Amino acid sequence: MKPIPRRTFIRGTALAGGALLFLPGIQGCRFMDGKPSGNYFLGEFGIDETLCSKLLAKALSRGGDFADLYFEYTVSNYLGLEDGKVNQSYGDISLGVGIRTVMGDQIGYGYTQDLTLESMMSAAATAASLCDMTATQTAASFSRPQSGNYYPLPDGFDGIPAQSKLPVLQQINEKCFSYSPEIIKVTGGFQSNLRRILIATSDGIMAEDIIPGGFLYSSVIAERDGRRERSFYNLGGPRDFSFYTEDVINEIASKSASNAIKLFDAIRPPAGEMPVVLGPGITGILLHEAIGHGMEADFNRKNTSTYSTMIGKKVAEPFVTIIDDATNMNLAGSLNVDDEGTPGKKTVLVENGILTSYIHDRISAKHYGVEPTGNGRRQDFMNYPMPRMRNTYMLGGDATIEDVIKAAGNGIYVEDVSNGQVKIGEGDFAFYVSQGRLIENGKLTAPIKDVNIMGNGPKMLANITMAANDLEMSRGGAGQCGKNGQGVPVSFGLPTCLVKSLTVGGTEQKGGRS
Amino acid sequence: MTKATGKQMSFPELADWVISRTLKAGANDCKVSLSRRRAVEINYRDRKPEVIKEATTQGLYLEVFVNNRYAGQSTPDFRTKTLETFITDLVANAGIMEEDPFRTLPEPKYYEGRSQADLQLVDPDYGSLTPEERHSMTKAVENACLSNGGDRVISVEAGEYDESYEEYVKTSNGLEGSSRGTYCNVGASMTAQDEGDRRPAGYNYVGCRYKSDLPPMEEVGAEAARRTLDLMGGKKIATTKIPVILENRGAGRVLNGLVGPMSAGNIQQKRSFLAEKKGMPIGSRFLTVLDDPLIPRGLGSRLYDSDGFPALKRTLISEGVLNEFLVDWYYSRKLGWEPSSGSLSNVIIPPGTRSTGEIIRDLKRCIVVTDYIGGNSNSTTGDFSVGIIGKLYEKGEFVMNVAEMNIADNHMNFWNRLVEVANDPWIYSQSRFPSLVIDDVVVAGI
Chain A
1 MKPIPRRTFI
11 RGTALAGGAL
21 LFLPGIQGCR
31 FMDGKPSGNY
41 FLGEFGIDET
51 LCSKLLAKAL
61 SRGGDFADLY
71 FEYTVSNYLG
81 LEDGKVNQSY
91 GDISLGVGIR
101 TVMGDQIGYG
111 YTQDLTLESM
121 MSAAATAASL
131 CDMTATQTAA
141 SFSRPQSGNY
151 YPLPDGFDGI
161 PAQSKLPVLQ
171 QINEKCFSYS
181 PEIIKVTGGF
191 QSNLRRILIA
201 TSDGIMAEDI
211 IPGGFLYSSV
221 IAERDGRRER
231 SFYNLGGPRD
241 FSFYTEDVIN
251 EIASKSASNA
261 IKLFDAIRPP
271 AGEMPVVLGP
281 GITGILLHEA
291 IGHGMEADFN
301 RKNTSTYSTM
311 IGKKVAEPFV
321 TIIDDATNMN
331 LAGSLNVDDE
341 GTPGKKTVLV
351 ENGILTSYIH
361 DRISAKHYGV
371 EPTGNGRRQD
381 FMNYPMPRMR
391 NTYMLGGDAT
401 IEDVIKAAGN
411 GIYVEDVSNG
421 QVKIGEGDFA
431 FYVSQGRLIE
441 NGKLTAPIKD
451 VNIMGNGPKM
461 LANITMAAND
471 LEMSRGGAGQ
481 CGKNGQGVPV
491 SFGLPTCLVK
501 SLTVGGTEQK
511 GGRS
Chain B
515 MTKATGKQMS
525 FPELADWVIS
535 RTLKAGANDC
545 KVSLSRRRAV
555 EINYRDRKPE
565 VIKEATTQGL
575 YLEVFVNNRY
585 AGQSTPDFRT
595 KTLETFITDL
605 VANAGIMEED
615 PFRTLPEPKY
625 YEGRSQADLQ
635 LVDPDYGSLT
645 PEERHSMTKA
655 VENACLSNGG
665 DRVISVEAGE
675 YDESYEEYVK
685 TSNGLEGSSR
695 GTYCNVGASM
705 TAQDEGDRRP
715 AGYNYVGCRY
725 KSDLPPMEEV
735 GAEAARRTLD
745 LMGGKKIATT
755 KIPVILENRG
765 AGRVLNGLVG
775 PMSAGNIQQK
785 RSFLAEKKGM
795 PIGSRFLTVL
805 DDPLIPRGLG
815 SRLYDSDGFP
825 ALKRTLISEG
835 VLNEFLVDWY
845 YSRKLGWEPS
855 SGSLSNVIIP
865 PGTRSTGEII
875 RDLKRCIVVT
885 DYIGGNSNST
895 TGDFSVGIIG
905 KLYEKGEFVM
915 NVAEMNIADN
925 HMNFWNRLVE
935 VANDPWIYSQ
945 SRFPSLVIDD
955 VVVAGI
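In the order they appear, the protein sequences are chains A and B. Going by the numbering used here, the first sequence opens with residue 1, and the numbers climb by one from there. Going by the numbering used here, the second sequence opens with residue 515, and the numbers climb by one from there.
Hints may contain errors.
Cross-link-like lysine-lysine pairs, in silico, DSBU-like; alpha carbons within 35 Å at most [stated by the list, open to error]:
| id | chain 1 | residue 1 | chain 2 | residue 2 |
| --- | --- | --- | --- | --- |
| 1 | A | LYS313 | B | LYS755 |
| 2 | B | LYS562 | A | LYS366 |
| 3 | A | LYS85 | B | LYS623 |
| 4 | A | LYS262 | A | LYS500 |
| 5 | A | LYS85 | B | LYS848 |
| 6 | A | LYS366 | A | LYS443 |
| 7 | B | LYS562 | A | LYS406 |
| 8 | A | LYS54 | B | LYS538 |
| 9 | B | LYS562 | A | LYS313 |
| 10 | B | LYS653 | A | LYS85 |
| 11 | B | LYS791 | B | LYS827 |
| 12 | B | LYS623 | B | LYS749 |
| 13 | A | LYS175 | B | LYS905 |
| 14 | A | LYS366 | B | LYS595 |
| 15 | A | LYS262 | B | LYS623 |
| 16 | A | LYS175 | B | LYS848 |
| 17 | A | LYS459 | B | LYS749 |
| 18 | B | LYS755 | A | LYS85 |
| 19 | A | LYS500 | B | LYS749 |
| 20 | B | LYS750 | A | LYS443 |
| 21 | A | LYS443 | B | LYS755 |
| 22 | A | LYS175 | A | LYS313 |
| 23 | A | LYS459 | A | LYS406 |
| 24 | A | LYS500 | B | LYS755 |
Source of the hints: derived by calculation from the structure; they are not laboratory data. On a predicted model such as this, the values are computed, not experimentally measured, just so you know.
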């Protein structure tokens, strides 16, 4: 089915959840041709430079600005827990190459799961069918870009074995149930995947990477006096098994259980415009929807984003700086190299209130005459890359948390979110609050739940009036950002901040609780 | 995959080979599903191709049962050498799972009774669809959208997507099934200049099994332009309690929150607010929901479901009363219930008699919801909240476009206020819903 043109974020499997951490720094540095990621495709599949040159020449045999190859071998495995048993295992193997020919902003794309020369040449011919000119020359040799290493792995790492996951899930089950007798059902899952990629471009870039991914979650149902509530919590990202320590297991179990129980006291807030305070961490989905998607340069080069004419303009108060970053350690959107071979970078979208840069892939960077920002991402080899976010966050301000909440007066406080969406051209966005609190007379009061919050991106940015100095990043691994039918893992972060006015989709007109 | 002779195996031959190897590797039972899909996608922008994409994919999904231990895995690699390792590894993987007595293949008696109807899922003209025709269809949609969009147009993207697929399934205990199908989708999205920096984008995409069932390309493009121009000047109004009409094509965004909790999995896992409601009213008498897998050319039509159960038409909700749950094999065993089918095919709400125009004329004031933004629905409690975009009418007359507004309620209240069903089912979807009229909805705005 053809995807409708929407941009959405959907977090894992359920409502509610989230995980927070102070912003990790940048560590490590490596050359992409060093071990362990240097020559996997050569060793396993015989993909050498000569073959890559031949395929690229075919892709440009009818002309074009450039072509690239994207080889992918991904192995995924999920173990599921239900009714006290780790009783289901699902796996997937994805192998293939995507071949792209680019001319201006036009794309020819072919892909194949069959890594024989004949099939790959046929896919290259499909990509080449975009053009009808004389052949374009390809580079005589390849060089490998220098990149950071934002998810270091043990030597020889080959994924997290199913055997290791089983006791972890058993512990999740036990810890959730032992949290409270009100917990009546626990499900859990441990997803892991290991993605190996090789990128070769007609202008002579070759990059190879190993990207781990996955998450551990629990979802619980609590019951009190016949009423049931549900909560979900996950931690993960590009990490090996050493991340899933007892502390992490405890955090997942206790957060999912306590959040479900908290909901017994939750009400649904009033409806209408009111001040909204975003707590720190996963609430950064606000930035993802309200500004991040609108700053993706493909929309802007087509003039279809509300931000298309705003570069260099003041869009927010001077304390507002918003960054999209591939270089955070072990966050879901971290990238050593993007899916076009550009090394991971940090891109400042808003600096001291001024809109500074879009996020680019190679096509948009050429359109604007700037360097690619390393945001060319794709779901898999069956899809071509587009400008996509990585880890998007706002730097902290200098207010205290208490002052931010007090300044809100009467409104709501958002603790956890499950999903969001934006309409790029209008700038209108929404995100779904699974956990929060009412703010009454400057103080946090009753818990709230299940409410959609809406706003307009540029208006919202201008309405961020305070921020505390407590930036936290989401450590969840289950979140997927969707764009034109392609999902990629992302993360985000936010300090506690006040948005002067957003529309809260409550159930009663203002003036009363429901 | 190839046999020793080098000849490519057919799907039935490959399935037999995989089943034989899997049982030899130590599984008690297994199920193998095979698929192959050819897809073509063309997109135009600014009167030139923006994307041309084409490929064939294949997949093998193997599920193994080893003494009530279960694992499943997919692979695109059909070579015998790699499949042998794949099978051995999967059986070993199942062996480390915890025992679950409910994890079995269905009893073979439940496979019986399959309809032999011709569902007409394959367009006989599909093979003659040429690249030139695809380009021509896309250009026609783009032209119509551009010419109807007028001076407001900032950008138009038009697209054509089509695919043909074949699937085959076989189990070690007697299920065998195969299906083939085609699908063709065309449409356009348009971005237009509104006040200030607002650039609303609207779209219209329609898909059918048969290309000949598509509306004229000019109509498809013109409708995309009309829907975009309908977004101009969209603003929120004061929070109000008002009748809303959920337009046919998008009504599933809200209704899915009612249907999802009808699954046996949600019920057994105690995350369904409908668990205790079978035989009870959950909506007004205007709410009837059917699941009909046997509609010729239906996008969700099938002869058997994912468990291999024969497809049967069923009434899920009858005049507001919850009649039937969606019960698959695994959760039927856990619940001790008879299985039906755990998945939906074509979901139907029988149409009413009046058009939305007639209904709007009779309502003093109402909002027609044409699109949604964000939102979610809590299957455990029935609470939902979703952003809406739409049009405000008073005394039958259009007043203004509304945006950035929201509706929130609980499904157990919301569907009781369904007061009328229009006569306009949206046929380009598995969910063939007409427009639905709900009374007294709190629409949050200013």
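Here is what the structure says about each hint:
| no. | hint | in the structure |
| --- | --- | --- |
| 1 | LYS313(A) x LYS755(B) | violated, 39 Å |
| 2 | LYS562(B) x LYS366(A) | holds, 19 Å |
| 3 | LYS85(A) x LYS623(B) | holds, 28 Å |
| 4 | LYS262(A) x LYS500(A) | holds, 27 Å |
| 5 | LYS85(A) x LYS848(B) | holds, 13 Å |
| 6 | LYS366(A) x LYS443(A) | violated, 50 Å |
| 7 | LYS562(B) x LYS406(A) | violated, 55 Å |
| 8 | LYS54(A) x LYS538(B) | violated, 43 Å |
| 9 | LYS562(B) x LYS313(A) | holds, 33 Å |
| 10 | LYS653(B) x LYS85(A) | violated, 55 Å |
| 11 | LYS791(B) x LYS827(B) | holds, 21 Å |
| 12 | LYS623(B) x LYS749(B) | violated, 58 Å |
| 13 | LYS175(A) x LYS905(B) | violated, 50 Å |
| 14 | LYS366(A) x LYS595(B) | violated, 45 Å |
| 15 | LYS262(A) x LYS623(B) | violated, 47 Å |
| 16 | LYS175(A) x LYS848(B) | holds, 24 Å |
| 17 | LYS459(A) x LYS749(B) | holds, 13 Å |
| 18 | LYS755(B) x LYS85(A) | violated, 47 Å |
| 19 | LYS500(A) x LYS749(B) | holds, 19 Å |
| 20 | LYS750(B) x LYS443(A) | holds, 28 Å |
| 21 | LYS443(A) x LYS755(B) | holds, 29 Å |
| 22 | LYS175(A) x LYS313(A) | violated, 51 Å |
| 23 | LYS459(A) x LYS406(A) | holds, 22 Å |
| 24 | LYS500(A) x LYS755(B) | holds, 25 Å |
In summary, the numbered hints that this structure violates are 1, 6, 7, 8, 10, 12, 13, 14, 15, 18, 22.
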